[in-house]
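Let the sequences and hints guide you as you build the complete structure.
At position 156 of the sequence shown (counting the first as 1) the number is 156 in this note's numbering, and the numbers step up by one without a gap.
Derived from the structure by calculation, the hints contain no laboratory data.
Any given hint could be a false lead.
Here are the computed distance ranges between Cβ atoms for each label pair [as the list claims (entries may be wrong)]: (1) Ala60 <-> Phe325: 49 to 57 angstroms; (2) Glu116 <-> Ala289: 29 to 37 angstroms; (3) Gln322 <-> Trp115: 24 to 32 angstroms; (4) Trp190 <-> Val76: 20 to 28 angstroms; (5) Gln25 <-> Val76: 12 to 20 angstroms; (6) Ala321 <-> Ala169: 37 to 45 angstroms; (7) Val76 <-> Arg307: 46 to 54 angstroms; (8) Ala241 <-> Trp86: 29 to 37 angstroms; (9) Arg307 <-> Ala195: 13 to 21 angstroms; (10) Arg376 <-> Val76: 34 to 42 angstroms.
Idealized CB from N, CA, C, for every residue including glycine.
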Amino acid sequence: NLANLLGAAAALLLTRLWRRGFSPQLSIGLALLCGLTALTKLNGLLLLLVIGVTASLCAARRHALKQFLSLGLLCVGVSALIAGWWYARNLALYGSPLPIDIHRSFVTTRALTFWEVLRQFWGHHVSYWGVFGLSNIVMAPQVYQVYAAGSWLAFIGVAVWTWRHRCIARSSLPVLVLQGAILMAGTLFWTRTAAGPAGRLTYPAIGAISLLAAIGLLALAPRRWRGSTVTALSTGMAVIAFATPFAVIRPTYVRALLRPPLARDGVAAQHPLHAYLGNEVKLHGFDVAKTTVAEMQVTLHWEVLARSDEDLIMFVHLFDAQGGFVVGHDSVPMGRTYPSAVWSPGEWLADTHTLSVAEGIQPGEYRLAAGMYRFRDNQRLLARDANGRRFADDVIPLGQTITFPP
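Here's what the structure looks like:
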């Protein structure tokens, strides 16, 4: 929250700097922001880059090298006074002022290319607008779809407003665009090795991004409707914000507190099956139910054999008669509420996966398969039958033919 506030304050002061030039008051304010930001959050350090780039561009425009150097020295000095002790402590304790490697030793890491990061666009979008718990609790898909539509409209609106008000835009928007771009780029860079999409880490630029969005949306609204547009947007987002703790977060934690049944409780499966996934899981069977025309639910009944230090993902996939992948669902077990870190041997989990089968499904026969892989490197766990024979590609055939149309 403090990083959000400091980011919005930086956008305000830097816009004044861009429009009016250097002044002692602005320099002192920006220096204090540098120090407080350096002490608040690691990704807040990118605000220092935003301040440095904006000030250098402003100095070049106004031929104010002396003022720029004075601002730089002031920012360095104040930051050292406010936050220097923290980085000195990190250096003494961990051997680095930014002990990122220590952080990564406690979390799952990946090694993605920048293109692979960009392909996770929807995950970044969802993370930006709201994920909860350990990023495993999400709102209804329709909420994110509405936000996506609004974001695209805002983007178009900013372009329209910029075209209509070119002179004003040159003096008002550069700082907002620069701050949003630098924070987004930093977030994407971090995501190359992070456990998952992390659009939420853009929050030091939320003030700038939200102002751009407001400009864009209001630019597309007719003048007589702008007051109603502001009221509708504010009310709608407030309702979502206040309802989410009660409608999304609390019910998920209530479900997560329920103890899964133990194996001795004898949960029956519709289709019995005996197979093993690594040394951690024994699959006892599965259920198949067609809930709607567009959806099919597959519930896997499996027993925890051993604890695991890995983040494990269960998947259910649908293949056509030629073995081609059609549709699938990969998830942390039990609706993303029961990660492998909290499993206990002897638990019997009823893990439901929903497959969307309405679009792109041609008439014919299809087969279901299941398996499990490590989130860290996408490597599947060894899949064996009851006699110890390994399944091809470490995928367990669920042994039931699904016919479309039914």
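key: Hints the structure fails to honour   = 6
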